[in-house]
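Asks: Chain residues, written in single-letter form:
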Amino acid sequence: MTDKITIHINNKEYQVDLGQTIMQAADKLGFHIPRLCYHPKLSIEGACRVCIVEVEGARNYVASCAFPVSDGMKIHTNTQLLRKARRDIIELILDNHPLDCHTCERDGNCELQRLAASMGIRHRHFEGEKKHYEKDLSSDAVIRDPDKCILCGRCVRMCSEIQQVHNLTQAHRGFNTVVMPAYNMPMGDSVCTACGQCINVCPTAAFLEKNYTQELFEKLNDPDLIKVAQFAPSVRAAIGEAFGLEPGRNMEGELVAALRKLGFDYVFDTQFAADLTIMEEGSEFLERFQNGGTLPMITSCSSAWMKCMEQFYPDLIDNISTCKSPMSMQSAITKSHFANKIDVDPKKILSVAVMCCTAKKYEAARPELEVDGMRSTDIVVTTREAAWMIKSAGIDLLGIEPEEPDHPLGVSSGAGAIFGTTGGVMEAAIRTAYELYTGETLVDIEVAAIRGLKGIKEGKINIDGKEIRVAVAHGLGNACKLLDEVRRDPDKYHFIEIMGCPGGCVGGGGQPYAQVNTIPLDDEALKKRAEALYDLDRAKTIRRSHDNPDVQKLYKEFLHSPLSKVSHKYLHTHYKKKTPVGIVPKTQL
Amino acid sequence: MIEIAQDKMDELRTFIDEVNQKEYAESYLIAVLHKVQSIFGYLPREMMDEVAEKMQIPTAHIWGVATFYHYFNLKPIGKHVVSVCMGTACYVKGADKVLEAIKKHLNLEVGGTTEDKLFTLQEARCLGACGIAPVVMIDDKIYGELDSNKTIDLLNQYRKAVK
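Chain order of the listed sequences is Y and U.
Going by the working numbering, the letters in the first sequence line up with residues 1 to 589, in that order.
Going by the working numbering, the letters in the second sequence line up with residues 1001 to 1163, in that order.
What the hints contain is simulated information worked out from the structure, not anything from laboratory work.
Among the hints, erroneous ones may be present.
Taking lysine-lysine and the DSSO-like style, the derived pairs with C-alpha atoms no more than 27 Å apart in a straight line are [unchecked claim]:
| # | chain 1 | residue 1 | chain 2 | residue 2 |
| --- | --- | --- | --- | --- |
| 1 | Y | Lys556 | Y | Lys348 |
| 2 | U | Lys1008 | U | Lys1035 |
| 3 | U | Lys1150 | U | Lys1103 |
| 4 | Y | Lys540 | Y | Lys528 |
| 5 | Y | Lys569 | Y | Lys553 |
| 6 | U | Lys1117 | U | Lys1035 |
| 7 | Y | Lys12 | Y | Lys131 |
| 8 | Y | Lys481 | U | Lys1054 |
| 9 | U | Lys1075 | Y | Lys135 |
| 10 | U | Lys1022 | Y | Lys481 |
| 11 | U | Lys1075 | U | Lys1022 |
| 12 | Y | Lys341 | Y | Lys569 |
| 13 | U | Lys1054 | Y | Lys578 |
| 14 | U | Lys1079 | U | Lys1104 |
| 15 | Y | Lys576 | U | Lys1150 |
| 16 | Y | Lys577 | U | Lys1079 |
| 17 | Y | Lys131 | U | Lys1075 |
| 18 | Y | Lys74 | Y | Lys12 |
Generate the whole structure from the sequences, applying the supplied hints.
Replies: Below you can see the structure in the form of structure tokens.
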């Protein structure tokens, strides 16, 4: 039992728990104090002063995010003077902001805009000097625009505290402060893993994904191209939010129909390639497990994680599965076997991936993922970009009749669906590896120990009398913790799943912005998105990747068997140590 | 890449090794950066990387600290640092004219270094010598009651001393 204390908010008495901040107490009582730099998953910065409240007896207004409640405290959240002070604070922030809302990508999705509206700012009192910096367009995935930055520091804290990439800092001082990588390095050269979490937590448009929507619209109108789309598992679980739906609504059928209406000739499902990944990765694991290969084997689906590993954990390269990500597998098969099947020159195929991820833009540009001298994925758009395109083209996603993905790369098992959430790849791999190894069917296929949002999850599976120890981490910070453990004790685990983003792909850097009165990366929203994928799994008759009939057919017609020569050519890749300038190499063992 | 003399490198490494023995070693970052500047005259990027690696502090964090404080130079500086006091007392006694004269004479902006790497020009806030305003500090030495001509003579003396 925590101690209860009495506080007064706006002249009414309440009993609250001791040991929390004014903001936390007020939240529970239904008083939403305006805020900007605060995020519940990050350390408290107290920089923006938007969340000030009046505490009777205190000399100044206090920042409610950083001030603990105490017994008898009398708090006012909405006096006229306080409202005016808060409005002045927002006005001063706006004073050094471009005020180009109607041409800004975050128009309608901007926390600063919403705050200005809720403060009732209808004219400007202050006019002063404005900063001006060039946009950093050097990265294939993440754009940095310091002019839009209001220095709340959420991106810096996200990058260092949750992701532990430590790419960003607030450099210089006072009016000249700018959020940038070390040495003001271009993002493209920096240690940025392109995970896009800075975009997720940015209240304005200071960080954005590199936008490919115009290029895609142009290509969709090119009659000479065969337009092929694929979409990631977690896109269907989140895209509805961009249309005002509650988190966790599965929009698979609607999305397929909308992509066809946008002009795609074929709409495939990345979940098909997820099944394919399991065939290859499961077999690779068994091969390593039975023949004394390097263990633990670590999954390679997450592109941000791959860059993180190449920079900070190059000593573990041999532990990384050589499997490409599902996106790159799907694209490789599209531009080889599928092109052959429909008898077109693969150069005429436009391969587009709709992803929950910004790092997939970076992955698509990696030269080692080329197939027969061509880029396998031509364009990657995020869930956000896809949602905008659907709206912009006047397609009614909510009212549309659901449709099925196309054959032969559109059918998937329930195992493919759960790839989109943390623990899903491992669970899918266990379902298949068990059967490949023992020849028996795994009856209890839901692996509860590796589900949920705990940072690092562990499990044990008994396969034919042999114990296989597995671990799952999501978010690069948790991944680093787990890998430091692997460096200390290489025999602790046999198989590890790592996803770069908090919650796995459902919390990807390309997912819809938080809607009004919600926060980015809210655990409840992440859980609902994950639940949508688990529901999809439960609703399927085929729940194991190796039972997917189209995957079986692909092996029969083209790949022969997992880890075959053809598989290696199209579905596997390699990784190299990267030492970009200005990194901190973690202690090598 | 800059060339780093081995003895300078050793001096820095010894210092960091000592600091790393202490409790809360990372809190000595500013002291270590001071050491870098005292050895090299400024904070070369290669040395910030070195500090990052040796102290296990992310480079971005070091960059944040290095750019926050005025005192840290991010570019190589001249043999002599000329700081013109722009405090209130010096200013009313004509520090702005002294500064203009130096800028013109050395063909420099504030923060710049002459091509022969002899002088770096800086502005200073009050140097605590208001009684002899306006003052200029060259390296660690204070010169007071200056005007434009006296200042230029002073600079010429430094230049002669080198030849």
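Asks: Hints first: check each against the structure and report whether it holds.
Replies: Now the hints, each set against the structure:
no.	hint	verdict
1	Y:Lys556 / Y:Lys348	26 Å, holds
2	U:Lys1008 / U:Lys1035	11 Å, holds
3	U:Lys1150 / U:Lys1103	14 Å, holds
4	Y:Lys540 / Y:Lys528	19 Å, holds
5	Y:Lys569 / Y:Lys553	18 Å, holds
6	U:Lys1117 / U:Lys1035	21 Å, holds
7	Y:Lys12 / Y:Lys131	44 Å, violated
8	Y:Lys481 / U:Lys1054	20 Å, holds
9	U:Lys1075 / Y:Lys135	24 Å, holds
10	U:Lys1022 / Y:Lys481	25 Å, holds
11	U:Lys1075 / U:Lys1022	30 Å, violated
12	Y:Lys341 / Y:Lys569	18 Å, holds
13	U:Lys1054 / Y:Lys578	19 Å, holds
14	U:Lys1079 / U:Lys1104	19 Å, holds
15	Y:Lys576 / U:Lys1150	62 Å, violated
16	Y:Lys577 / U:Lys1079	41 Å, violated
17	Y:Lys131 / U:Lys1075	23 Å, holds
18	Y:Lys74 / Y:Lys12	9 Å, holds
Going through the hint list in order, the structure does not satisfy hints 7, 11, 15 and 16.
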